Amino acid sequence: MKNMKLNLILLGLALVAPLVLYPVFLMKVLCFALFACAFNLLLGFAGLLSFGHAVFLGSGAYVTGYLMLSVEGLTPEVGILAGVAVSAVIGFVYGKLAIKREGIYFAMVTLALAQLAFFFFLQAPFTGGEDGIQGIPRGHLFGLIDLSDNITMYYFVLAIFIGGFALIYRTIHSPFGQVMKAIRENEPRAISLGYKVNQYKLMTFVLSATLAGLAGSTKALVFQLASLTDVHWFMSGEVVLMTLLGGMGTIWGPVLGAGTIVTLQNTLAAGPLGSYIHVIMGIVFIVCVLAFRNGLVGEIQKLVKRNF
Amino acid sequence: MANLFDINLFGLFGQLLIGLINGSFYALLALGLAIIFGLLKIINFSQGALYMLGAFAAWMGMNYLGISYWWSLLLVPIGVAVIGILLERFLVRPISGEDHLYSLLLTFGIALVLQGLFTHWYGSSGMAYPIPDELKGGTRLPFMYLPNYRAWIIVCSLVVCTATWYMIEKTKLGAYLRAGTENPQLMQAFGINVPLIVTLTFGFGVGLAGLAGVLAAPVYSVSPEMGSSILIVVFAIVVIGGMGSIGGAIITGLGMGIVEGLTKYFYPEASNTVIFLVMVLVLLIKPAGLFGKEA
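Sequence order for the protein chains is Y and H.
Residue numbering for the first sequence follows the numbering used here, beginning at 1 and increasing consecutively.
Residue numbering for the second sequence follows the numbering used here, beginning at 1 and increasing consecutively.
To be clear, the hints were calculated from the coordinates, so they are not data collected in a lab.
These figures come from a predicted structure and were not determined experimentally.
Possibly wrong hints are sitting among the right ones.
Stated by the list, open to error - Restricting the straight-line Cα-Cα distance to at most 20 Å, the calculated cross-link-like pairs of lysine-lysine (PhoX-like) are:
#1 Y:Lys196 with Y:Lys181
#2 Y:Lys196 with Y:Lys100
#3 H:Lys286 with Y:Lys100
#4 Y:Lys96 with H:Lys286
#5 Y:Lys96 with Y:Lys5
Stated by the list, open to error - If we take Cβ atoms under 10 Å as the criterion, some of the chain H residues that face chain Y in the derived model are:
#6 Leu146
#7 Ile275
#8 Ala288
To be verified - Residues of chain Y placed beyond 12 Å of chain H at every Cβ, according to the derived structure:
#9 Val78
#10 Gly103
#11 Phe120
#12 Gln123
#13 Leu167
#14 Pro175
#15 Ala190
#16 Gly194
#17 Leu225
Ideal Cβ positions, reconstructed from N, Cα and C, are used throughout, including at glycine.
Just chain H, with the same shape it has in the complex:
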């Protein structure tokens, strides 16, 4: 009986860990969405596709150019951010005066193009990306086995999320950003280059997606569809958390990952849908979202 209990505990913590890893990606993507939404008031539908692009860039870098994981971790987010900046400058900005639904449709189109191109080039079956040598192996804890790479994902995501939160809430640059969210015209009048800040914010937001993509490459298979499936979940998370606060997006992302992990352990059939069901509950009880301000 004790043995059976041990196995169960092992399984439970295993699923919790997977949940926490999924949550790390949800948090990174939701954070990127929330930052972009804060300043531009648009939802970037291509966030998932750019996450996919990040994973593919890492894979291509390794297989075609011999770029190591560590260099990818540095270079790919910058590359994705540059692509994001170009997209913002040449596609999103020209329609910034129109209804925000148009920018949703525009970024949806961008997502279709990216996903379609990679499906054409690489097919829809996934490809493997090796775990870097430095992070192979794992640690045996009393209640579970913790692979090093998975621990790395969680640490990395937490550090990046916390740093971003700190930058936005506590630094001068963050203050500009928050002021831009409140009243862009007034800030412009104070001599701050608002369009530049908007462009950089967009670049930073999608750069986070690129980073998440590189982190994800060794644990999920690299495939063109990896972005769209995770993005829809992240949308639900954004509805649950509300996009009013940066901290809220991070906490909801991690929290929903854990909820998903627990569901996988106790009732696996619902693990795909549990986050959407939580969203339904939140809509019924607190429609503005857990951290939302507006009605």
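Extracted from the complex, chain Y is given alone in its bound form:
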């Protein structure tokens, strides 16, 4: 618990942040941070590179968005739970298929499965095709608290993020998390020790998909929009970049990475370099892989270790 002080400071900062920064921007960061943390659970701790994680984000967003819009008086927590449940089910099915292959094949299988889902969402009658689902109402939390106010919504999103983050933290530091890391480091050895490796992989995959779905459902309420962008392969690439940039296999890396990328996107979109956004992200990708494989958090840790 040596980091307790740091955690409390961060919590304090998160609580006062909307007084200084635009709440919608902060909510965007929190949603993507949760998404990246969920992804990092799979890549950083189980060593599985999924290139189709947008599916879970998008499924959560679409399901929550559709239900909130079509069911009169549905409370947001129920809408989110439904979205998360659907993401979990898709995660189970996709995970079952994807863990049949390893390494690079795993990445290709998840990407192809994600494209399958992309075409489904493009053609399905309830998703609004190219337009997506627009004007999703935020509703009243527990039927009581009106979420249409951005500040109120921010604290709701913050609570969701902390919940999701705590779950990931707990998972990593549990015996289950230890086995996960063992599989990442040496799979044959884990098998020979009697662990049912595929069950562990599948459970991690489902957990990661579920939390990604939670991020998607929340994001749909924040922006009141669920669209094809959420399920596009580019979104899957973006979350890989966030995790890689922040530092995969670290607790705070994905949060930092998501914050950096979202800030970068917002800054660039407003400036003259707006149409270069993909080029710049591609360059960040290349630089990260060539020079900063430990990511921002990894480099900071190295620096701290060397100097203190």
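Assemble the complex: chain Y is given as a structure, and chain H must be docked to it using the hints.
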């Protein structure tokens, strides 16, 4: 009734032809991926972007420099291969000792940069490239109309694929390549310059993508997104076929094109997704892939 049947047959063969053409491109791209994977053990995510680059190079050559289709067909694959060689030498090789997932991410970054640049320069709407005069028109067969250019694509792809297969499986250079796949250290000990072979293989693999791009320019519209959409399908094809064999990649590519064409005829709603569904089936029944060796 007979008339109706005729129209149906016409439509069916039309879709089969389109399927075969798509299959020709799948085969060329899957072949390039498989060759690179064989020796470097990496998946080149920028293969689609380099295919797009090939199509754009042909378009730019014609519109800015007046280079004809035929010269493009010769020069563009060489140009793309040179770019590939530079990418391999300066970006891919420095991380060749790391986990292969990093090279996947690296080539993904390269793909983003290329696609982003062309989107910035040319927008995302497609551009037309004319069919060369020599291949305009078509032949009326008893059961279908066969445009000459489409026949040319199929012939070209089959010839290139067969020649590549022959080179790898039957010639001395191919033997080096296969030996390099099995045991690069041992081959190095025999005095063969393995890094050179790796670089040339990478260049050849992406050169195939450049060639496919030039072939595709007159039939698909030339757009920055043309590479990424086809690449994901090719990934599924590679999973279906397994990358163990060169012949397997070619056959699966063509076969999946035909499956897609048939689906477009019988159940058009699923034509976008059928290859992914086949992949799911293969994963359930034979996870290593149809031609795969490893478990």
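Hints, one by one, checked against the model:
For the hint pairing Y:Lys196 with Y:Lys181, the CA-to-CA distance comes to about 14 Å; that is within 20 Å, so the pair holds. Note on Y:Lys196 and Y:Lys100: the hinted pairing holds, with a Cα-Cα distance of about 14 Å set against a maximum of 20 Å. Between H:Lys286 and Y:Lys100, the direct Cα distance comes to roughly 10 Å. Compliance with the 20 Å bound is thereby established for this hinted pair. Among the hinted pairs, Y:Lys96 with H:Lys286 is consistent with the structure: their alpha-carbon atoms are about 14 Å apart, no more than 20 Å.
Taking the CA atoms of Y:Lys96 and Y:Lys5, the gap is about 40 Å. The hint is violated against a cut of 20 Å. Violation of the interface hint for H:Leu146 is found here, the shortest Cβ-Cβ separation to chain Y being roughly 30 Å, above the 10 Å cut-off. The beta carbon of H:Ile275 is positioned within 10 Å of a beta carbon in chain Y (closest approach about 8 Å), and the interface hint is therefore held. With a cut of 10 Å, the hint placing H:Ala288 at the interface with chain Y holds, because the nearest CB-to-CB distance is about 8 Å.
Its beta-carbon lying about 31 Å from the closest one in chain H, Y:Val78 satisfies the requirement of being farther than 12 Å from that chain. At the 12 Å boundary, the C-beta of Y:Gly103 falls inside the reach of chain H, the nearest C-beta of that chain being 7 Å off. Distance check for Y:Phe120 against chain H: the nearest CB is about 7 Å away, which does not clear 12 Å, and the non-interface claim fails. A Cβ of chain H approaches the Cβ of Y:Gln123 within 12 Å, the least distance being about 7 Å, so the stated non-interface status is violated.
No beta-carbon of chain H comes within 12 Å of the beta-carbon of Y:Leu167; the shortest separation is about 26 Å. Every CB of chain H is more than 12 Å from the CB of Y:Pro175 (nearest about 26 Å), matching its label as outside the interface. With a closest Cβ-Cβ approach of about 17 Å to chain H, Y:Ala190 is found to remain outside the 12 Å limit, as its non-interface label requires. No beta-carbon of chain H is positioned within 12 Å of the beta-carbon of Y:Gly194; the least distance is around 20 Å.
Listed as a non-interface residue, Y:Leu225 keeps its Cβ farther than 12 Å from every Cβ of chain H; the least gap is roughly 21 Å.
Violated hints, in rising order: 5, 6, 10, 11 and 12; the structure is consistent with all others.
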